[in-house]
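S.K.: Sequence:
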Amino acid sequence: MLEIRHLETLSAIRATGSLQDAAETLHVTQSALSHQLRDLEIRLNVQLLNRRTRPARLTTAALRILTLADDILPKIKATERELERLAAGHTGRLYLAIDCHSCFQWLMPALDEFRVSWPDVSLDLSAAFSFAPLPALLRGDLDMVITSDPQEMLGIDYTPLFRYELVLAMAAKHPLASNHHIEASQLADQTLITYPVEKQRLDIFTQFLDPADVEPAEVRKAELTPIIMQLVASLRGVAALPNWALSEYQHSGWLRTAKLGEQGIWRTLYAASRTEDIDADYITAFLTQARSTCFSHLKGIIEAI
17 MLEIRHLETL SAIRATGSLQ DAAETLHVTQ SALSHQLRDL EIRLNVQLLN
67 RRTRPARLTT AALRILTLAD DILPKIKATE RELERLAAGH TGRLYLAIDC
117 HSCFQWLMPA LDEFRVSWPD VSLDLSAAFS FAPLPALLRG DLDMVITSDP
167 QEMLGIDYTP LFRYELVLAM AAKHPLASNH HIEASQLADQ TLITYPVEKQ
217 RLDIFTQFLD PADVEPAEVR KAELTPIIMQ LVASLRGVAA LPNWALSEYQ
267 HSGWLRTAKL GEQGIWRTLY AASRTEDIDA DYITAFLTQA RSTCFSHLKG
317 IIEAI
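In the working numbering, the protein residues as written are 17 to 321.
Derived by calculation from the structure, the hints in this document are not laboratory data.
Possibly wrong hints are sitting among the right ones.
With a Cα cut of at most 30 Å, we get these calculated DSSO-like pairs of lysine-lysine [to be verified]:
id, residue 1, residue 2
1, LYS315, LYS237
2, LYS215, LYS237
3, LYS215, LYS189
4, LYS275, LYS215
5, LYS189, LYS275
6, LYS215, LYS315
7, LYS189, LYS315
8, LYS237, LYS189
9, LYS275, LYS315
10, LYS237, LYS275
Turn these sequences into a full structure, and let the hints steer you where they fit.
M.R.: Written as structure tokens, this is what we have:
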């Protein structure tokens, strides 16, 4: 029964002290304002104005409604301002999930830089290793997913960030360490160390081993890149990792890398977002910042066309 206009009307009457001044504030005629009040009084079956006094005074019922107005109207105004800023591209929400364990290396600096330039954008980051991130993106639970495994889905756009090579990391004393490239069959007797991700989401399987119908002798899983590298260094297995994730270990003396196949395997990292959000200013700004950060922090990557 109560509408926002009723709350605004009573607030204007309280603020101005008269129907005439309230009508001018609300840009309506005094007759229209009086008609609105009488209609509301009939609907509520209470008197809102004591018209016997000069000027007319608000009744107890009106004051009770004003308590509601004082709570509701500021929230409405704040939301309207927020929507205006959102429409102008100055504010919004950017909840990200990463489908790549190594992405923390460049994503955190990118988020730090973005946060300085866009302080009104709400940021959140989660790992997408234990749930399906793209359906969550479509549902609105997320606003962006960093992935190297794009899936064609209506309503999702993919923006390429950069290309990188997937290489095999080995200890310098490993029997395969002198190879320029590795064939899939050479991993049949090896322990492959991977992140704790389903096999169908690991490029080493989908892009290299599965097409050759090869299975490694054993698969060992580790959560973090430094732990994987410790296992590789101690000759407990080999690991397929992005070339840029290995840059800090390249000069250690114990690490060797080899291409996967004679031509190597190159992958593209994408930022997935909803189609209706792709042109939002803060989304565009983050993608620009992310690319800049990637090429200033990572070695061995190339432009994605």
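S.K.: Sort out whether LYS189 lies within 30 Å of LYS215, counting only the CA atoms.
M.R.: Holds, because 28 Å separates the two Cα atoms, which is no more than 30 Å.
S.K.: Can the restraint linking LYS315 and LYS237 be considered satisfied, given a maximum Cα separation of 30 Å?
M.R.: holds, 25 Å
S.K.: Would the pair LYS215 and LYS237 pass a check requiring their Cα atoms to be no farther apart than 30 Å?
M.R.: holds, 11 Å
S.K.: Does LYS275 pair with LYS215 here, judged by a C-alpha cut-off of 30 Å?
M.R.: Given that 30 Å is the threshold and the Cα spacing comes to 20 Å, the pair holds.
S.K.: Check the hint pairing LYS237 with LYS275 against an upper bound of 30 Å on the C-alpha distance.
M.R.: holds, 21 Å
S.K.: Tell me if the straight-line CA distance from LYS189 to LYS275 falls inside 30 Å.
M.R.: holds, 17 Å
S.K.: Mind checking the alpha carbons of LYS189 and LYS315 for me, to see if they're no more than 30 Å apart?
M.R.: Status holds; Cα separation ~25 Å.
S.K.: Below or equal to 30 Å on CA atoms is what counts here, so check LYS215 against LYS315.
M.R.: Distance of about 27 Å is within 30 Å: holds.
S.K.: Are LYS275 and LYS315 close enough, with their CA atoms no more than 30 Å apart?
M.R.: holds, 16 Å
S.K.: Holds or violated: LYS237 and LYS189, Cα atoms, limit 30 Å.
M.R.: holds, 22 Å
Hint compliance for this structure: no hint is broken.
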